[in-house]
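These protein sequence lines map, in sequence, to chains Y and R. First residue of the first sequence? That's 1 in the numbering used here, and the numbers climb one at a time after it. First residue of the second sequence? That's 1 in the numbering used here, and the numbers climb one at a time after it.
Don't read these hints as lab results, they were simulated from the structure. Among the hints, erroneous ones may be present.
Said to hold, decoys possible - Below, a list of computed lysine-lysine pairs in the DSS-like style, where the Cα atoms sit at most 27 Å apart:
#1 Lys11/Y - Lys52/R
#2 Lys127/R - Lys119/Y
#3 Lys52/Y - Lys11/R
#4 Lys126/Y - Lys127/R
#5 Lys117/Y - Lys126/R
#6 Lys11/Y - Lys5/R
#7 Lys114/R - Lys126/Y
#8 Lys38/Y - Lys5/R
#9 Lys114/R - Lys128/Y
#10 Lys155/Y - Lys117/Y
#11 Lys60/R - Lys148/Y
#12 Lys114/R - Lys127/Y
#13 Lys60/R - Lys11/R
#14 Lys11/Y - Lys60/R
#15 Lys5/R - Lys5/Y
#16 Lys117/Y - Lys127/R
#17 Lys126/Y - Lys155/R
#18 Lys117/R - Lys127/Y
#19 Lys114/Y - Lys128/Y
#20 Lys38/R - Lys5/Y
#21 Lys42/R - Lys5/Y
#22 Lys5/R - Lys42/Y
#23 Lys127/Y - Lys128/R
#24 Lys119/Y - Lys114/R
#25 Lys5/Y - Lys11/R
#26 Lys11/Y - Lys38/R
#27 Lys11/Y - Lys38/Y
#28 Lys11/R - Lys11/Y
#29 Lys52/R - Lys5/Y
#30 Lys11/Y - Lys52/Y
Here are the chains, one letter per residue:
There are 2 protein chains.
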Amino acid sequence: MQLNKIVEFHKALGDLTRVRIIGLLQQGPLHGQAIAGKLGLKPPTITHHMAKLREVGLIKEQRDKNTIYFSLNTNILENSAKSILTVGTGGDASMEMSVTAAERTAIINNFFTKDGKLKNYPAQRKKKLVVLAHMANGLEFGKVYPEKEINDYLKQFHDDYATLRRELIMCQYMYRENNLYELNPVELWWLS
Amino acid sequence: MQLNKIVEFHKALGDLTRVRIIGLLQQGPLHGQAIAGKLGLKPPTITHHMAKLREVGLIKEQRDKNTIYFSLNTNILENSAKSILTVGTGGDASMEMSVTAAERTAIINNFFTKDGKLKNYPAQRKKKLVVLAHMANGLEFGKVYPEKEINDYLKQFHDDYATLRRELIMCQYMYRENNLYELNPVELWWLS
DNA sequence: TGTCTAATTAGATAATAATCGAATTGCATG
DNA sequence: CATGCAATTCGATTATTATCTAATTAGACA
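Generate the whole structure from the sequences, applying the supplied hints.
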């Protein structure tokens with residue numbers, strides 16, 4: 001995806017009014033005048049914003065008589081949101097995703113016991129990533145963990161929590177800043 | 001997360017120069033002058049943009065002598081990127097995430113056989129979502145599937161592929177448009 | 001056809017923000 | 001301390017864009 005599309009996409013979301021419109025549409029379809037009313041703006045302003053949202057494929061519209069109902073297009077531009085993360089890498093966001101569900105099942109069944117203990121640590125990169133993602137899944141986004149808490153959490157999988165912790169960081173599922181740990185946003189996971 | 005943070009985040013990515021900078025930094029740390037050189041801009045301009053990127057937590061910097069090396073902060077603002085998707089729902093992006101890794105293991109082990117077959121379909125919403133996500137994981141992002149292909153894919157899990165297909169759509173992992181199917185962007189998964 | 005309502009276009013204004021040159025700060029080292 | 005280099009601050013300029021009013025288009029219906 002070329003840079004310009006990425007930029008336009010984020011520009012569309014980089015405006016308070018448009019984000020508010022999206023918020024409204026999350027609750028259901030609305031027609032222009034209704035949006036204008038709820039936001040205290042005039043119809044032409046809404047037209048303006050809807051055009052921007054439409055350009056990046058964020059909304060759908062359906063005409064009924066002479067009023068147009070706008071709704072969110074869950075089909076947000078292919079990979080717009082995450083494509084920012086592969087700019088410059090020459091890669092494609094969907095490249096590393098090629099682990100099938102069946103493979104996942106197999107890997108997880110293979111490396112974890114029924115109680116969720118990690119039997120042993122995979123050497124193969126693909127398997128390692130599945131295993132790490134699986135463990136990282138139990139951590140909360142946005143929450144900041146002190147080292148002890150991370151250790152305790154990881155102990156449920158394996159006694160050698162230190163290795164797990166280091167691997168989580170090296171593979172970028174987590175990052176550390178003066179001994180506080182935090183999960184990386186999901187979108188970045190495609191990078192590793 | 002309040003609207004303003006979301007807007008600022010996307011504003012930061014809604015500028016061509018800044019997206020280019022991110023592209024450069026994906027390939028490794030750089031200092032200001034180097035960035036300026038590569039982009040054909042003057043140092044003050046870079047300072048300006050780095051300030052914006054810093055405000056939303058997109059970069060890290062490390063000083064060496066009197067030159068500062070910038071690098072991407074994989075720690076992109078907690079939930080900025082995905083929080084756009086819960087605006088207006090009254091929910092929080094991290095709310096439904098509260099399935100621990102251990103639970104996941106248990107659920108997947110419980111509902112799938114060793115061969116990856118779905119034993120039976122969970123009634124409980126939380127379990128259902130884990131199971132659906134697991135199956136959706138084997139589909140490729142951005143790829144458009146004809147109905148037959150989706151059916152074939154789902155058959156590997158259960159003979160009643162029609163139900164699975166319907167559930168994947170109802171829970172918004174997939175969407176359909178004139179009988180073509182496509183995965184929803186990951187970020188939307190938090191919605192359901 | 002005439003009227004109602006919703007959406008859009010056009011044009012103007014004001015606010016935001018990208019970029020630069022000039023001057024300044026800060027660090028390191030001869 | 002003086003010099004050199006990188007980064008920053010300041011102020012000015014220009015480009016972009018959000019918003020409005022007024023005028024126009026367009027569909028439905030009596």
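Hint check results:
Under the criterion of a C-alpha separation no larger than 27 Å, the hint pairing Lys11/Y with Lys52/R is consistent with the structure, at around 14 Å. Restraint check: the Cα-Cα separation between Lys127/R and Lys119/Y comes to about 24 Å, which is no more than 27 Å; the hinted pair holds. For a cut-off of 27 Å, the pair hint linking Lys52/Y to Lys11/R stands: about 14 Å separates their Cα positions. A distance of roughly 25 Å separates the Cα atoms of Lys126/Y and Lys127/R; the hinted pair therefore holds under the 27 Å criterion.
Annotation: proposed proximity of Lys117/Y to Lys126/R holds, straight-line Cα distance about 22 Å (limit 27 Å). Restraint check for Lys11/Y and Lys5/R: satisfied, since their Cα atoms lie roughly 14 Å apart, inside the 27 Å limit. Restraint check for Lys114/R and Lys126/Y: satisfied, since their Cα atoms lie roughly 19 Å apart, inside the 27 Å limit. This hinted pair checks out: Lys38/Y and Lys5/R have alpha carbons roughly 22 Å apart, not beyond 27 Å.
A hinted pair counts as satisfied when its Cα atoms are at most 27 Å apart, and Lys114/R with Lys128/Y qualifies at roughly 19 Å. With a C-alpha separation of about 9 Å, the suggested pairing of Lys155/Y with Lys117/Y holds against the 27 Å cut-off. Between Lys60/R and Lys148/Y the alpha-carbon distance is near 25 Å, which keeps this suggested pair within the 27 Å criterion. About 17 Å separates the Cα atoms of Lys114/R and Lys127/Y, which keeps this hinted pair within 27 Å; it holds.
Restraint check for Lys60/R and Lys11/R: satisfied, since their Cα atoms lie roughly 19 Å apart, inside the 27 Å limit. For a cut-off of 27 Å, the pair hint linking Lys11/Y to Lys60/R stands: about 23 Å separates their Cα positions. A C-alpha spacing of about 22 Å is found between Lys5/R and Lys5/Y, which places the hinted pair at or below 27 Å, so the restraint holds. Among the hinted pairs, Lys117/Y with Lys127/R is consistent with the structure: their alpha-carbon atoms are about 20 Å apart, no more than 27 Å.
Among the hinted pairs, Lys126/Y with Lys155/R is consistent with the structure: their alpha-carbon atoms are about 25 Å apart, no more than 27 Å. Between Lys117/R and Lys127/Y the alpha-carbon distance is near 20 Å, which keeps this suggested pair within the 27 Å criterion. A distance of roughly 19 Å separates the Cα atoms of Lys114/Y and Lys128/Y; the hinted pair therefore holds under the 27 Å criterion. As the CA atoms of Lys38/R and Lys5/Y are separated by approximately 21 Å, the hinted pair is consistent with the 27 Å bound.
Distance hint between Lys42/R and Lys5/Y is fulfilled; the C-alpha atoms sit about 25 Å from each other, no more than 27 Å. For a cut-off of 27 Å, the pair hint linking Lys5/R to Lys42/Y stands: about 25 Å separates their Cα positions. Using a Cα cut-off of 27 Å, the hinted pair Lys127/Y and Lys128/R holds, with the two alpha carbons roughly 25 Å apart. With a C-alpha separation of about 16 Å, the suggested pair Lys119/Y and Lys114/R falls inside the 27 Å cut-off, and the hint holds.
Distance restraint check for Lys5/Y and Lys11/R: the Cα-Cα separation of roughly 14 Å lies within the 27 Å cut-off, and the hinted pair is therefore satisfied. Under the criterion of a C-alpha separation no larger than 27 Å, the hint pairing Lys11/Y with Lys38/R is consistent with the structure, at around 24 Å. With a C-alpha separation of about 23 Å, the suggested pairing of Lys11/Y with Lys38/Y holds against the 27 Å cut-off. Note on Lys11/R and Lys11/Y: the hinted pairing holds, with a Cα-Cα distance of about 6 Å set against a maximum of 27 Å.
About 20 Å separates the Cα atoms of Lys52/R and Lys5/Y, which keeps this hinted pair within 27 Å; it holds. The suggested pairing of Lys11/Y with Lys52/Y holds, with an alpha-carbon distance near 9 Å, which does not exceed 27 Å.
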